[in-house]
Structures are given as structure tokens and as C-alpha cells.
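Here the protein sequences come in this chain order: A and B.
Each residue of the first sequence is one higher than the last, beginning at 3 in the numbering used here.
Each residue of the second sequence is one higher than the last, beginning at 195 in the numbering used here.
Treat the hints with care, since some could be wrong.
Said to hold, decoys possible - In silico DSBU-like links for lysine-lysine, alpha-carbon gap of 30 Å or less:
id, chain 1, residue 1, chain 2, residue 2
1, B, 685, A, 91
2, B, 480, B, 288
3, B, 288, A, 141
4, A, 91, B, 577
5, A, 325, A, 175
6, A, 407, A, 480
7, A, 429, A, 365
8, A, 429, A, 457
9, B, 673, B, 480
10, A, 365, A, 407
11, A, 10, A, 236
12, A, 91, B, 480
The hints are simulated quantities; they were obtained by calculation from the structure and are not laboratory data.
Computed from a predicted structure; not experimentally measured.
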Amino acid sequence: MSVIAFDKALERFEPVLGLETHVELGTASKMFCGCATGFGAEPNTQVCPTCLAFPGSLPVANEAAIEATIRIGLALNCSIAEWCRFARKNYFYPDMPKNYQISQYDEPLCFDGYLDVEVGGQTYRVEIERVHLEEDTGKSTHVGGATGRIHGADYSIVDYNRAGIPLVEIVTKPITGTGAMAPEVARAYGVELREIMRSLGVSDVRMDQGSMRFDVNVSLNEPGAPWGTRTETKNVNSFRSVERSVRGEIERQAFLLTSGEKIIQETRHFHEDTGTTTSGRSKEEAQDYRYFPDPDLVPIAPDPTWVATLRDTLPELPSVKRKRLQSEWSVSDHDMESMYNAGAIDLVEATIAAGAPAADARKWWMGELARRANESGTALADLPITPGDVARVSELVASGSLNDKLARAALEGILAGEGSADEVIAKRGLQIADEGELLAIIDQVLADNTDAAEKVRSGKVAAVGALVGAVMKASRGKADAGRAREIILEKLS
Amino acid sequence: MSLIHKTAAELGALVASGEVSAVEVATAHLDRIEATEPKLHAFLHVDREVTLSQAREVDSRIASGEQLGPLAGVPIAHKDIFATRDMPTTAASKILEGWRPPYDATVTARLRAAGLVILGKTNLDEFAMGSSTENSAYGVTRNPWDLSRIPGGSSGGSSAAVSGYQAPLSTGTDTGGSIRQPAAVTGIVGMKPTYGGSSRYGLIAFASSLDTPGPFARNVHDAALLHEAFSGYDPMDSTSIDAPVPSVVAAAQAGDISGMRVGIVREFAGDGYQPGVIARFNDAVKMLESLGAEIVEVSCPSFDTALPAYYLIAPSECSSNLARFDAMRYGLRVGDDGTHSAEEVMALTRAAGFGPEVKRRIMLGTYALSSGYYDAYYGQAQKVRTLIARDFEAAFGQVDVLISPTTPTTAFPIGERADDPMAMYLADLCTIPSNLAGNAAISIPCGLADEDNLPVGLQIMAPVLGDDRCYRVGAVLEKAFEARWGGPLLKEAPAL
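Work out the full structure: start from the sequences and follow the hints.
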């Protein structure tokens, strides 16, 4: 596919973005029935007459899901509807049991909010059009055929466990004025949204399990001209992909526009391997969803005092919390952003809460542990180590029982699954040499290195490094290098 | 008198006193069904053994001292649109042929809990869409008064079963008149409770905002007993009303309507009404006056637009409700031979499984909800619905109940309107407004039309949650009529 380089594209066009985010709520039961919602159960074991759309079954709305949606709306500075309804979105698809999805149409539960995101030290306000509640579909697997889609498949199998899981859709208003930062802003918006969901505790927001997914809308226009025709890239399932899909679509559309072609309003599919999108169905042949209010359900009219209580009991939002922590920890904007991007803030905070000084907590997570996460290609938060472990190691270093090298070995042992910090230290014998041992080793080292000792004694203090090195070697890393240096200098003064 | 001619209340008392067993009562009715089904075809499914095992269980519950209520051991014919775990449930559609639900409808469960014995599942217009039971995929049901005529619809199997003495009670569902119109044309009592007063859980949906389960019986008191047995709040149905059921049985025994204000709706008159129907209606008005009621003429101008509004709202909802019949999880599956895609199997199954009237309404509703037409059709119909509810409110500000003929004509011959949907739709002219507004309405027999000697029904409409008023007025009128007729109207029906 022909594209125009990103920088060139941005010289001529301004992008307009729009993001639709689906978040599966972590409620114990489904949106309209009592079935469990756990991920990864045997196919078709978390189902009942209602979520399988058996004749005569009826939906009953899950109040916990309505509450979670209102809390999301409040966290995104939205107005909360005083009265709204569920609507049916009608279309046929084998993984949708009723062949309509219970969703919300022109009466969303939450509307007109915003979310501020920071990129490169600049704040972008993303306006939120609506936050509404709906149900998820089942999951189809199309076997055979070239495309993995239903057309041309040999057969299809459907798992209805996911059907009816509460799904919140968060829709932005068109995002303008981001220019060349568009891909980063899109990504930062997604990351910030995930942080908010986490702080609210409403979803596990596991993108790998599909509990958070994005549809990305992009259009281009020349400066001063009306907005261009948009495309919608569906089911973008990682933050990196959000960024890449925006970038790729800008490059693709810029090529078409500069070649005098028109952008077709269509849905597009994102390909992880190439970072490009391909055409799905165009809006001309798109479904008419024939929305109408669902007559099986009664309107939602949240009690204003209840909404006020939910507002008052919202947790501290991530952006506010970051400001507070930054000041408490006395770190620079840059360091804070690094921690944020690495997903280290909560971990550092928890490590401090477990007793570690701020600087040490940050040093371990952003240093040794970040390096190890990077090596193994996992997220920092997914490393098999707890903030408590890190705090314990940090404490042992501070008390002098571990030196830097031993501490690293302890962390390595914890990550290898050898147990807690203390267990690993015991098993591996990671204990710094005590004063008596150290004196004995130093005496031996001075006896074995008379030349170096003589240099120090004659005032060439720099030569002490070689002696300390020899002590470390002789102790097999267990000596406290600082203490060893002190003792050597004392003895040779 | 044989068991089959007794009222439900009498049968309940006999079983409770131990004079007869539930098994004996069930057997008598099963025998009657066996003898008369070749003529009536009221049932789609009867399983003697399943019914008798229910009866045996009721007998043992009574023997163990369980308090079961006044209808324990009384048999009932159950409309085949309610899910039943022990019997097939088809909605009279090929698309659900042989389907056995893994659950009971709330109405079914409450019948069982009250000790009623289910005789079988009764015929209906496919998915309750029709006014004659001719739209059943499994053959037409015949009217016991005249086997060449329709028993009404959609609950025609249930009305024929009760009027044909196959069962003392039956269930129905009323979306646009599907209980009241069959009751009227077969000379029995049929009640549409307040919408939300009886649970829709397990009732195969036609039009969700209109569907209302209700009772059929041969007299008002029996209908009230059945009404109380299965209605009331159900947490499984969000639209169910969380309020006590009006005491309809007490109302059916009240015995006095003097001083009540009864409204006659000016708009329910005109060309389409059979003279014999108008004559019997006028008799009922005079009778009410003689019983001490005050007659007031009221105007409900929006009622003239009820029929078109209904035929937009009901098909719109049905087009969505019936989308689930797609061959994927239950029911008929056509074309699954390895050469068709899932989408093709869906389309082939629906083409083969739905009858012409169901398809007509799905297409009507799909059109009415389409982008660009929604406001003009569905949206406009909803506004009309609001106006109709306001007309009722205004009328019930002046009167306690409203009355009208239940249906403009007596039972029409089978086949007469089968190819004329508009003529068929007119059968529900007087009943539809109460569905759109959700208020209570009952049909009771008010005599035979002079020109054809067929039963005429009187409709008594009451406000939302005013179900007791229907029973109070109905019971008093029934008593006065029966005194005049020298017994129930049904004694005039020919023996089968």
C-alpha cells in the first residue's frame, strides 16, 4: 500500500481523531442475568436461558454495572442522565444470541465530559461525548477459509460465555489540534483511561483478554478546510497499536488525498504485524440498526442523592494522585513521566507504603527491575515480585545486611520463584561479611598486595580501589565495599 | 352433574374435601379432550401420563396436609406460548416444532405451585399473531358453538377448550385482544390484567410492551381465582409491577354496583358493528342502569387512531423479538448440509419456519423501525399511544369503568378473513386501546346475536391496577344475566 511519510503528511494536513473505547466491567454477574463473568472458563458453561436468548427469557439490569458506569462518567467529568433507557441495536450475527444487542442509543447514562492527557509536557483536553452501558456479544471462531472471517469459513464455533458481560462504551468528541502529536495523544488518552478504570476498580482492563479495546477514527483536512471523511479502525487491542493505527491511517489517507482520490467512509481492520489497516465494510452497505427503546426494560432514573454519594466517594483520580506523589517524592517532571510510562507509579507507591524510602523504591523499580522486565518482555506490574519484596530488599541494604550486588542477587532469586526476599537470602546465603570476617579478609589482602598497600600508605589514595576490589573478590561479593575501604584506609594511615 | 361441567371453584372444593381426587378430575377432562379433539382441535399437545403424574403429585401434597389454595387439583389448559418444562412449547410455529424448554414460565410455575394440573398446551395463532387461530402452523381450532367458525385468536385453543368443557380454566395472552376477543366469540369470560400485573417471564414474546398473560373461565369468579393464582410481582420481569395484586376474588364476590359510574365510549360505534352485537350491548347498558349504575357517555377521540398505532408498535417489537429464531441454539434448522454458510442457514430456516402472517409483521416492523422512517412510523405511533393513555385518564376521571362491545362481530366463518388482513385486524378494534394504555379489561358474555345465535361479549375496562373493578362489575352483570337467561349462556351451546 502506498503511503506518504508521516512528517510530510503533517506538513499538508491536520488530523481529527475520535476514539471509542469498550471496557468490560468486572461485575460478578452479567449485565442482564445472573451468570458468572470469569475469563477463560470452559466454553458455554457460563450461560443461562437469558444470555442464550431462549424464547420467553427476559433481561433484568445489573445495578452494580449501572453504578460502575456512573462512577466512570463522574471520573470523566460527565453529566449523569436523570432518566435514560436501554435501546435495542438490531443486526444478525451468530455470536449475538438475541440478534439484537441491548445498548443505549440517544439517551446515554453519562454525557458531556472530558479527560485531560499530558504528552511531552503539554496538556490536551479530550472531550467525552458519552459513556453508555451495553452488553458484550459471544465470541466466534471461524475455522477454515483464508480470512478467519465468517465468509468462506468451513464452519464456525461460538462461545457464549462472553455474551451479556457488561460493556461500557466511552466515546470522545472529535479531537482536534493535536497535529503531529496525534498518535501520542491517542495513546496517552488510552493509557490514562486505563489508569482511571484501575483506580475505580471497575474493570481489570486486560487488553490481552479483550476487556479493554479501541475503535480509532481518523480523518484529515487541509488547514482551514472542513473536516475530511473519516475511517474507523476496529478492535485495536494495545496502546502501541492505537498509536500505530493513527500514524498508519494518517499516512495512508494523506497519500490518497494528495493523489486526488477520495477517502471512503468505512470500517478498517488493523494488522498487528504490518501496522497497517485494510478495508472492512463501507458505510454505504452498512447495517441499519433500527434502534428503538427496549420494551423489556424499565428506564434508568438514578437518584440524584445516590449520584452525589458516588461522586463524593470517588477515589483520588490518577492524574491528581500523580501530582501529589510527584511533590511527595520530589521528582522531576521527566522522572515522573518515565515512571508513568513504565507503569511504575503504583508499584513505587506500594513499595514506599511497605517501608522503603522513595528514592530507593524508585531506584529499584526503574533500574534493576525495569531492566529485567525489558529483558523478559513483560510489563513491570507483571513481574513475579511484590512491592513488599522490594521494600524488604531495600531495608536490608539500608541496614547494611546486603550490598548492592547481593541485593540484585536477591531480586533475581525472587523473580526466579525461589521465595520471598528472606527465603532467597537464606537459600542463597546472601549475607554481607561481618566485621570480624571482613578484618580477616582485609589482613590477608594487605599481606598479599604489599605493593598496593605501600602506595596507599605513601599517599596514593586512589590505589585503595584495587585493594577494595581484592577484598570483594576474596569475599565473593559479600563484603561491604564502603566499610572495607574505611578499614583499609585506617590501617594504612 | 359430571365433573367436566362443574366450575373451577366447585372442583377445587371437591378435591380439597377429599370427595374426588385430582386424578379423577384430570381423568374426566382428559377423556373429554380425547372425545372432542377431533372436532375442536383446541390442543397442540396432550400427554395423559404427564398430566396424571401432576395430578397424583397434587393428591399427595393434599394428603400430606399442604395448604394449596382454592384451585388445587383443578385442571387447566395452558396456551402453548408459555414455557413448560414437561411439555413442548412451540408458539404454534414450525420454527419451534418439538422444542422443550429447560425452564418453566413464571405463570407455569405459579400454576404448579397452586396445585393446578396442566392438561396440555393449547393452539394459537403463530406467535400470537392473529384473531382467529387460523395462523397456527398446526391447523385451525374450531368454535364449539359452530364448528365452521373461528374460536377467536390468538388464544383460540384456550377459549375453545373452556367453552367446549375440555377444561374449566385456561391461560391466554392478550397483546391486542387475544384473550378478550376469543372469550367474546365463544361465550366465556376472559380477562386482560393491567400490563405488568402478570409476569411475562417464559412467555414467548410477540410485542413486549403489550403482551399480558390472563385467565379464561366459564364464570367471573373462576377467572378471578385463576387471576390471583398466577399474577403478581416477578423479579424476573423488569416490567412487572411491584405492588400487591388487587383483590379480584373479593371483588368478584362484592355483589353491588349501585352508584358506580359507567362510561360508554362514543367512538366504539359505527358501520363495522353487527346489529346483533349493538343490540346485546344496549341490553347490557339497560341492565347496568337497572342495577343502579349511572351511565355516562364519554369521548376518547384518540381511540380512532389506536388500530394503526398498534399495527406499527406490535410489528416493530415483534420484528426484533423474533430475530432470535435463527437456528443457532434451538428449534428448526434448515440448510445445515455443509454447503451453506451460517448466515444462509439463518435465512433458510426463517424462510421455512415462519408462516405468512408472522413474515408480514416482521417486514412491517422492520420497515417501521428503519432509519428515515422511524420518526414517521414508530415514533408517531408512540405519541398516539400517549394520547390514548391520556384519553383513558380523562375518562376515568369521570367514570369508574368504561364499557364497549368486546369485538364488532360474532365469530366469523373459518376462511372468511384469512386472505384479508385488514378485515382480520378490525376484530381487535375495541380491545387494542387497553393494550396500548396498559389498563385492565375483561370480556363477559352478554347474550346471543339475533341474526346468528352466536355469543356476544361485553368489554369492561378499568384503570391501571383497577383490575378489581372489572371483576366487580362483571360478576354483578353476570348474575343478573344468568337470572334472565335461566343459567349460564354456555348452556345454549350445542353439545359436541
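Hints versus structure:
1. B:685 to A:91: Not satisfied, since the Cα-Cα distance of roughly 52 Å exceeds 30 Å.
2. B:480 to B:288: Violated, because 47 Å separates the two Cα atoms, which is more than 30 Å.
3. B:288 to A:141: holds, 29 Å
4. A:91 to B:577: With a Cα-Cα distance of about 21 Å, the restraint between residue 91 of chain A and residue 577 of chain B holds, given a limit of 30 Å.
5. A:325 to A:175: holds, 26 Å
6. A:407 to A:480: Distance of about 8 Å is within 30 Å: holds.
7. A:429 to A:365: Given that 30 Å is the threshold and the Cα spacing comes to 25 Å, the pair holds.
8. A:429 to A:457: Violated, at about 40 Å.
9. B:673 to B:480: Measuring from Cα to Cα gives roughly 15 Å; hence the hint holds.
10. A:365 to A:407: holds, 14 Å
11. A:10 to A:236: Holds, at about 26 Å.
12. A:91 to B:480: Answer violated: residue 91 of chain A to residue 480 of chain B is near 52 Å, above 30 Å.
When held up to the earlier numbered hints, the structure conflicts with 1, 2, 8 and 12 and fits the remainder.
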